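Asks: Chains as they are written, first to last, in my numbering: chain A, 13 to 345; chain B, 105 to 276.
If you are wondering where the hints come from, they were derived from the structure by calculation, not from laboratory data.
You can take every hint at face value.
Some chain A residues judged to face chain B by a derived CB distance under 7 Å, without partners named:
#1 I120
#2 N121
#3 L125
#4 S129
#5 S132
#6 I139
#7 W143
#8 L182
Label pairs and their calculated CB-CB ranges:
#9 A/N29 / B/L210: 45 to 55 Å
#10 B/Y218 / A/V335: 47 to 57 Å
#11 B/E153 / A/I290: 29 to 39 Å
#12 B/L270 / A/M74: 47 to 57 Å
What you are looking at is a predicted structure, and each value in this text was computed from that prediction instead of being measured.
Every residue, glycine too, gets a C-beta built ideally from N, C-alpha and C.
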Amino acid sequence: MVDIVLIPLLKIAVVVNAVLVLVTIMPLLERKVQGWVQSRLGPMRVGPWGLLQAIVDPIKLMLKEDITPTKADKWLFTLAPIMAVVPALAVFSVIPFGGDGLFYITDINVGLLFIISVTSIGVYGIILAGWASNSKYPLLASLRAAAQLISYEIAVTMTLVSVILTAGTLSMVGIVEAQQETGLWFGFVQPVAFVLVFIGGLAETNRVPFDLPEAEQELTGGFHTEYSGMRWALFFLAEYANMIVIAAVVTTLFWGGWLPPFPSVDALAFLDLIPGWIWFLGKLGVFLYLSVWIRATFPRYRYDQLMRLGWKVLIPIAIANIVVTAVVKVWLL
Amino acid sequence: MVETIVFYTLSGLILGLGVAVITTPNTVHSVVFLVMNFLGVAVIYVVLEAEFLAVIQVLVYAGGIVVLYLFVVMLVNLTRESEAHQDPRRLSLFGLALAGVVLLELAGIVVYSYGREPPAPVAAAATSPVQGNVEQIGWLLYTDYLIPFEVASVLLLVAMVGAIVLAKRELS
Numbered sequence: 013m014v015d016i017v018l019i020p021l022l023k024i025a026v027v028v029n030a031v032l033v034l035v036t037i038m039p040l041l042e043r044k045v046q047g048w049v050q051s052r053l054g055p056m057r058v059g060p061w062g063l064l065q066a067i068v069d070p071i072k073l074m075l076k077e078d079i080t081p082t083k084a085d086k087w088l089f090t091l092a093p094i095m096a097v098v099p100a101l102a103v104f105s106v107i108p109f110g111g112d113g114l115f116y117i118t119d120i121n122v123g124l125l126f127i128i129s130v131t132s133i134g135v136y137g138i139i140l141a142g143w144a145s146n147s148k149y150p151l152l153a154s155l156r157a158a159a160q161l162i163s164y165e166i167a168v169t170m171t172l173v174s175v176i177l178t179a180g181t182l183s184m185v186g187i188v189e190a191q192q193e194t195g196l197w198f199g200f201v202q203p204v205a206f207v208l209v210f211i212g213g214l215a216e217t218n219r220v221p222f223d224l225p226e227a228e229q230e231l232t233g234g235f236h237t238e239y240s241g242m243r244w245a246l247f248f249l250a251e252y253a254n255m256i257v258i259a260a261v262v263t264t265l266f267w268g269g270w271l272p273p274f275p276s277v278d279a280l281a282f283l284d285l286i287p288g289w290i291w292f293l294g295k296l297g298v299f300l301y302l303s304v305w306i307r308a309t310f311p312r313y314r315y316d317q318l319m320r321l322g323w324k325v326l327i328p329i330a331i332a333n334i335v336v337t338a339v340v341k342v343w344l345l
Numbered sequence: 105m106v107e108t109i110v111f112y113t114l115s116g117l118i119l120g121l122g123v124a125v126i127t128t129p130n131t132v133h134s135v136v137f138l139v140m141n142f143l144g145v146a147v148i149y150v151v152l153e154a155e156f157l158a159v160i161q162v163l164v165y166a167g168g169i170v171v172l173y174l175f176v177v178m179l180v181n182l183t184r185e186s187e188a189h190q191d192p193r194r195l196s197l198f199g200l201a202l203a204g205v206v207l208l209e210l211a212g213i214v215v216y217s218y219g220r221e222p223p224a225p226v227a228a229a230a231t232s233p234v235q236g237n238v239e240q241i242g243w244l245l246y247t248d249y250l251i252p253f254e255v256a257s258v259l260l261l262v263a264m265v266g267a268i269v270l271a272k273r274e275l276s
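With the rest of the complex left out, here is chain A (with noise of 0.2 Å):
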């Protein structure tokens, strides 16, 4: 009873409880950077070089009022933050933090499958959010988002599809573990396949350059712009846990998981005394801080643009660089 019920109960609370407080760090680590990358000082008012700033905007995001407007499909405008929100955070249980079995929920052997499949349900959160408010902007923008990410999702789907024919398994900790026999990170055997899951990642979440969704000179704000309140912050939530899966999973399949650099360089063994979980969390880090730093530096994209690169650019490499990984792994090695 122990065994199947109460620990996994307790490594969920504990996977969830962290994301969401990385949740509420991000915002703060984004306006900061931001503000570096602009020669500003970014928050600095609440508590010592604005920290507090990240406890004090989901206290005002509760405190806030939440409306209904009076002509929304008063069902759905409630079920749509929902149905974003939960496959965010559903995708946390496939996902190893350490090697050891502690380190994550469960490992089933159809995982990476599970989360292509459990991320392609937030769609409905963002389609349903446009449409139940009953307003032109909104649904106009949960429109373009849901083109987006449908785009973006075959190119990224087929782009993993490599790196699931490298490791030789769907399952996550099982591709780790084929990186450590391998002695190389598939960062450095499958590079195009790491650029095309970030940018595509990147496109999903609708992060700059690819934030068309929320354009808000066109659009006013985007598919949420009638949430207030609570029911407005569980959007944002679910965008920065989309943002952290994708970090998460990019460490995951190209830079090593839990593993040290070079796990196969014997020289290099004193680097396993710090735990793996520390590896993970730093690499995680360093994908956040990048996706931030891409946001300060690139401007929007045009919607034309978007579709061309997706379409035309993405996945002719994405379906090329199947071919290429299947002949070398069927004639050269």
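Given chain A, work out where chain B should sit, using these hints.
Replies: Below, chain B alone, put in the same frame as chain A:
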């Protein structure tokens, strides 16, 4: 015991959601019920230890096809006015007849299979040299069911080419 309870709870839920799909007046609501229905079916697959099928069910049906449904339902204005000149009872009678045929078929299956031994599991799964859900399905698809698999992929290719031809019609 636990599995039986889970199965009947889920079945009840899935049937209830199915009824909700066809009785809800709002089309978007009924699409949402359909998504939940598919998710419930995926959980039944997990209980049957067919994890691959469960994940594919979520990915293809809940995550892919129903999104298209939702697009169509949201963008096409579904009003009932065009049916005004028709006799609504004719459609209901037709539906009733179809439902009756399905009911007879199900009853026939129940009568036929009552008291018989359930068929033995497919032998190929036991003899396949690989372990695991995904591996076994892949093995079967590329050995015993190679030709149906290839025919299905050709069919998909034809559908894809057809869609492109239809969309690009003005170029010719």
